[in-house]
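Once you have looked at the hints, place chain B on chain A.
Residue numbers (the numbering used here), protein chains in the order written: chain A, 7 to 327; chain B, 78 to 227.
The reader is advised that the hints may include incorrect statements.
Unchecked claim - Capping the alpha-carbon separation at 25 angstroms, the derived lysine-lysine pairs in BS3-like fashion look like this:
# : chain 1 : residue 1 : chain 2 : residue 2
1 : A       : Lys188    : B       : Lys156
2 : A       : Lys122    : A       : Lys78
3 : A       : Lys188    : B       : Lys157
Rather than coming from a laboratory, the hints here were simulated on the basis of the structure.
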Amino acid sequence: MPHASEHRVVGLKRISGGSSRETYAFELEWIEGGEKRRRPMIGRRDPTGGLLKSDREREFKVIDAMHRAGLKVPEPLFLELDASVMDRPFFIMERAAGQTGMGAFPAAEAESTRIKVAEDFISELVRLQSLDYREYGLEILGAPKNLEEPARIQTAHWNGLYESDRMGEHYPILTAAFAWLKANPVVSDRIVIVHGDYRSGNYLYDENGIIAMLDWEMAHLGDPMEDLGWASMLFWGRDEFAGGLLEREEFYHLYEDKSGHPIDRKRLFFYQVLGNAKMAVICLTGIRDFVERRTSDAVMPFLELLLPQLLGDLASQLRLV
Amino acid sequence: MLRPTLNELISGMQRTIIEALMPELTSPYAQNQAISAIGMLTHAAAVLDAAPAYDAAEIKDLRATFGAIKRLGDKHLSKKSGLRGALARATRASVRTPPERRALEAAMAEFATAVALGRADERVARHIRGYIGRHLERSRILLGGTLPSA
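Next comes chain A alone, as it looks inside the complex:
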């Protein structure tokens, strides 16, 4: 803001959600061209510990690219990597309006809202997958060398975290899941930008649909079925409603209609297995960071309560029950 002066932070308060970063809401006031300006902002600071180990510069660049591409994301404004300014690196973005939930789209919402959100949810995913990552400087996300790599890279990444974060415990179903993923790798049909956490609960919405997709810290390059598999996992759904938005088959058909790409059910299934395993590992990472005192977030120990459902879903998928 080269022509701005007298910046003032008003009403700073920490807010819940976005457990991979400390998140703060505030109003920024400043003088520009002799006029007083005011804008609602969100500050995201690196945590001391938590669910994910991710790079804030990378996240900022991804949101910036998505904003330039015209996707529904908050406008990213400032990135500060110098930890001496606020103890840890942080970035600031526009505070978008709207509401969010933790998981499945709320059953209590009006049907018209649900349909609009579902349409936007699929449309935004299709738009994301249609972008050329090179055009937006997102080679920094690490392009897979061939179409076989995405499945192998993701499996190896989450299996590695499982091994480091299980604290010496054995989770037979999870061990079996990673062995199955290694033994049954799938081959992508193209390389796209993957959000990495594309699901209900990670968007702001109102009665007109989605306002902004949030939480881009796990973005990478990979298989388009990865986000679709993650978004349609039973875990984020409600009964037969994928993400609480649409009946699962309707959800898939809408994606096929909008993208023009038929869904490869084998690849979709692979990424749903990977998704359950990944979410279970995210829980183990949060529990480990709580146990080893890297975070005091009181939500972390409750992640243990999510494991029976995730492991139960995996056991069903792998015919272990």
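Okay, now just chain B, sitting in the frame of chain A:
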């Protein structure tokens, strides 16, 4: 008996948070954390009561499952599956006092992997599936809950 008991202490901590701390908290984030801490204490009280029985049931079931597989005989464990070694390790862990839970679970992970990959004999797989079903049911009973709103 020492008073207050552990459960009475936990209940007291919850009251302290609700009655003394929460009225002083103005930040919604801090209030949410306090609510989560109360939930954590509720969970701790439940686990304190139920965890010993859960652990005992797990170990008993693992030993019984491996015992049943052993009784099937080696012909149901092909050499190339590597399951004979896993069964030997499980058998050794079973007879230790106390039984080595982690070693039993490590052996179960090898068997579950073989079942998932279709490399286990069907009679062995039936025992493994039976254990996993019971294990999941016990876990749901012990932990069956959801995240506190935050």
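So, going through the hints one by one against the coordinates:
Straight-line distance between C-alpha atoms of Lys188 of chain A and Lys156 of chain B comes to about 22 angstroms, which keeps the hinted pair within the 25 angstroms bound. Of the pairs offered as hints, the one joining Lys122 of chain A and Lys78 of chain A holds, with about 14 angstroms between alpha carbons and a cut-off of 25 angstroms not exceeded. With a C-alpha separation of about 18 angstroms, the suggested pair Lys188 of chain A and Lys157 of chain B falls inside the 25 angstroms cut-off, and the hint holds.
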